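Please model the complete structure; the sequences and the hints are all you need to start from.
Chains A, B, C and D supply the protein sequences, listed in that same order. Take the position in the first sequence, starting the count at 1, then add 795; the result is the number in our numbering. Take the position in the second sequence, starting the count at 1, then add 795; the result is the number in our numbering. Take the position in the third sequence, starting the count at 1, then add 132; the result is the number in our numbering. Take the position in the fourth sequence, starting the count at 1, then add 132; the result is the number in our numbering.
Mixed in with the good hints there might be a few duds.
In silico SDA-like pairs for lysine to any residue, Cα to Cα no more than 20 Å straight-line [said to hold, decoys possible]: (1) D:Lys265 with C:Asp271; (2) B:Lys944 with D:Met133; (3) C:Lys226 with B:Ala929; (4) A:Lys944 with C:Gly249; (5) B:Lys944 with D:Lys204; (6) D:Lys265 with A:Pro968; (7) B:Lys944 with C:Met133; (8) B:Lys944 with D:Thr317; (9) D:Lys226 with A:Ala929; (10) C:Lys204 with B:Ile930; (11) A:Lys944 with D:Ile270; (12) C:Lys226 with B:Ile930; (13) D:Lys204 with A:Ile930; (14) D:Lys265 with C:Leu277; (15) D:Lys265 with C:Thr267; (16) D:Lys226 with A:Pro927; (17) C:Lys265 with B:Val972; (18) A:Lys944 with C:Thr318; (19) D:Lys204 with A:Ala932; (20) C:Lys204 with B:Ala929; (21) D:Lys226 with D:Arg203; (22) A:Lys944 with C:Met133; (23) D:Lys265 with C:Gly249; (24) C:Lys265 with D:Glu266; (25) C:Lys265 with D:Ile270; (26) D:Lys265 with A:Val972; (27) A:Lys944 with C:Arg282.
Hint data in this document are derived by calculation from the structure and do not stem from the laboratory. Bear in mind that the values here come from a model prediction, so they are computed numbers and not experimental data.
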Amino acid sequence: MTTATIEQPDRGPLTRTELAQQIAADIPPGSYVNLGIGQPTTVADHLAPDSGVVLHTENGMLGMGRAAQGDEVDPDLVNAGKVPVTETPGAAYFHHADSFAMMRGGHLDVCVLGAFQVSGTGDLANWHTGEPDAIPAVGGAMDLAIGAKDVFVMMTLFDKQGRAKLVPSCTYPLTGVGCVSRVYTDVATFDLTPDGVVVTATFGTTVEELRSRLDVPLLAG
Amino acid sequence: MTTATIEQPDRGPLTRTELAQQIAADIPPGSYVNLGIGQPTTVADHLAPDSGVVLHTENGMLGMGRAAQGDEVDPDLVNAGKVPVTETPGAAYFHHADSFAMMRGGHLDVCVLGAFQVSGTGDLANWHTGEPDAIPAVGGAMDLAIGAKDVFVMMTLFDKQGRAKLVPSCTYPLTGVGCVSRVYTDVATFDLTPDGVVVTATFGTTVEELRSRLDVPLLAG
Amino acid sequence: MTEIASDPDAALKGVADGATVLVGGFGTAGQPVELIDALIRTGARDLTVVSNNAGNGDHGLAALLAAGQVRKIVCSFPRQSDSWVFDALYRAGKIELEVVPQGNLAERIRAAGAGIGAFFCPTGVGTPLAEGKETRTIDGRDYVLEYPIRGDLALVKAHVADTRGNLLYRKTARNFGPVMATAATTTVVQVDRLVDAGAIDPEVVVTPGIFVDRVVVCPASTELAEEGAAG
Amino acid sequence: MTEIASDPDAALKGVADGATVLVGGFGTAGQPVELIDALIRTGARDLTVVSNNAGNGDHGLAALLAAGQVRKIVCSFPRQSDSWVFDALYRAGKIELEVVPQGNLAERIRAAGAGIGAFFCPTGVGTPLAEGKETRTIDGRDYVLEYPIRGDLALVKAHVADTRGNLLYRKTARNFGPVMATAATTTVVQVDRLVDAGAIDPEVVVTPGIFVDRVVVCPASTELAEEGAAG
Chain A
796 MTTATIEQPD RGPLTRTELA QQIAADIPPG SYVNLGIGQP TTVADHLAPD
846 SGVVLHTENG MLGMGRAAQG DEVDPDLVNA GKVPVTETPG AAYFHHADSF
896 AMMRGGHLDV CVLGAFQVSG TGDLANWHTG EPDAIPAVGG AMDLAIGAKD
946 VFVMMTLFDK QGRAKLVPSC TYPLTGVGCV SRVYTDVATF DLTPDGVVVT
996 ATFGTTVEEL RSRLDVPLLA G
Chain B
796 MTTATIEQPD RGPLTRTELA QQIAADIPPG SYVNLGIGQP TTVADHLAPD
846 SGVVLHTENG MLGMGRAAQG DEVDPDLVNA GKVPVTETPG AAYFHHADSF
896 AMMRGGHLDV CVLGAFQVSG TGDLANWHTG EPDAIPAVGG AMDLAIGAKD
946 VFVMMTLFDK QGRAKLVPSC TYPLTGVGCV SRVYTDVATF DLTPDGVVVT
996 ATFGTTVEEL RSRLDVPLLA G
Chain C
133 MTEIASDPDA ALKGVADGAT VLVGGFGTAG QPVELIDALI RTGARDLTVV
183 SNNAGNGDHG LAALLAAGQV RKIVCSFPRQ SDSWVFDALY RAGKIELEVV
233 PQGNLAERIR AAGAGIGAFF CPTGVGTPLA EGKETRTIDG RDYVLEYPIR
283 GDLALVKAHV ADTRGNLLYR KTARNFGPVM ATAATTTVVQ VDRLVDAGAI
333 DPEVVVTPGI FVDRVVVCPA STELAEEGAA G
Chain D
133 MTEIASDPDA ALKGVADGAT VLVGGFGTAG QPVELIDALI RTGARDLTVV
183 SNNAGNGDHG LAALLAAGQV RKIVCSFPRQ SDSWVFDALY RAGKIELEVV
233 PQGNLAERIR AAGAGIGAFF CPTGVGTPLA EGKETRTIDG RDYVLEYPIR
283 GDLALVKAHV ADTRGNLLYR KTARNFGPVM ATAATTTVVQ VDRLVDAGAI
333 DPEVVVTPGI FVDRVVVCPA STELAEEGAA G
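Written out as structure tokens, the structure is:
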């Protein structure tokens, strides 16, 4: 899918909240969606109440509601990040094999994941830095990466050292191959298409400027 | 398992009812049991009420009760032979994949099946005569054959033409290989052991006479 | 998102010739007769039907076969006392039959819904139904490699749906419904009753709505409707 | 046949050194803490533990690790904010770790319970966790071959059991319990409450009693007990 690029060079980068709003707005009404641990979880706060979006949490639930507060907290009702949550009308519980069969069978419409790196061809690295003293922990990341019809990545485009996280080829250990369809960042949004990486929007920058900072060829939508 | 053979040459062969009683008596209390379509179904009538035996039907139920009568008949509650049945306290319903996973995973203690032929090494043929005009239909036979810890066969030892059904090697198409542990017939009972076929009881005949009529070497238990 | 269809014909819009259709039911228990009748009315031809049996009597699946719309049937147990429609077509060479052990049928359909590419299975080893199939010995036991069975369309009968598409079944009419619902591009479910979202306890949902594309209410026959009204 | 044990120690008789133990729970939700405490008291050593995480805080699974009874842990997500017991053991080289993607963990345990010899799985293809594993392209998609994970013992927490061993779970504490119960030689379940056979609607049973060897009642913590009493 390509759309005409909207360049917005005269504003700053998206805030975290704006980024979450952006993603929420792009999730089609009625979708079944899994939001990864951390930043992606905040997308839920910006879904329209009448969107009909149903949230899946891989630890065994469809129809997950917002975070639990006060008396609502129940240690038996948590999300994938082990944060207490609530249930919505029409929710369903199921066991782990059924939950992951649902993902792996391609039944989720969208999942939103964080990333260390994404390659121009949609490879995802988000589970392990590969540093020798890091304890590896993958959780459901690899299942999510291959399991949804559309995998959206939510990240900053550059790390704290200024290195691009959208790369020709991931240097971190992979989570999944060719699985990402769209990348949402603070300074630009990208569609990863069979023809290449298409810039669909910029925030506080231009396509030209991005071309100078990324090693991935960029198409303007 | 071998037991001393009990020869009862001075009585007639077991009736169908006696055969079912014999099998029922050999099912350990508290077992999970699947009874095949046809004759094996009648074993249920002879289980002691306090045996704690739980009946499985592969179309999705544990804790199946007796055949339904009168107002009990419910088209949504049938056994594997599509006969209306009842449920017992502590029953459970589940879907077909779960039901067969239960069988194939080796969780049933005993299943009782009819047979066209059984080989001395426990091969079973009970689904297809192989005749050119026969419509093949296997149902759950192959799953049952490999799925229970003990597979008991219930059959007459000879067919209407007087040919033995306990054979060195099955000539009918196989249902399962090396899967039968015990054979209950009208004239004798056999344990199929790694050492060979052990006669554990005779009815209206002797081990000597059986040896003359079967092509399978027989050990006396 | 689950759509509530106004009637079985609306629920079955867009069935293409040559489609593979998963049809729930074990004999008549759980057979989605009203949906099958609507499938007949679509006139779709050259269908492959996957179902445990090959029709009973003259209604439902048997009627679909009699209408000449089915090229091939994949099932575990075609031959029954009342399968005369299938038997006649088969003996006349007018329908293709693939016999699959019942557990393989269920597990292969589950595999399609669960994203499994193939699996090594203990059922059928050394039998004619495994001939020509890849085998492997794992930990001393022999297995046959079996592949997923996917449908373009699944027709399922359940007992109750909520407006989110969550389903409850009734007794042994559950049978193939839950796995078939996961394994088709489009899953259409007929139910006895439709309730609001929230009316089904989330702990007891059997098929979550994510697997259900369209629901249509087909009230049960008189006897069942009376039973339902009583409790 | 399901045995009702008098207490967790009686429920855990006969655990051998070197056993593989499947431990239910996702973090603390559904973690069978009282059974794990009893496992510690058995003194069994050299255990392999299969669980989603590697312990939280100082209780339950973390206490088992701290007791030095675990040689190896197979899990999807060891590192958490409160996994200090595991972290220290791992960095000291005192425990072996096998990281398995969460869905593979669940499906491999299911496979063990379902008699599947191995299966081709889409998760992990092209990643370090698939290195050295057999791969195959089926219908244009790449898969990795994964094998079953069996336990000698499964420790599961459920909400309610009946005397036949049928189980109900509570919300997302269900997680790995139902699959682990199917995959071990001996399955031991702690429940909040035991009811008579017939008190659980057969339609809503999640784990049928055939998978349950022993049940022990461990009343829930105060908060839950109050909640339970209220409804």
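Looking at the structure, which of the earlier hints fail to hold? 5 and 7
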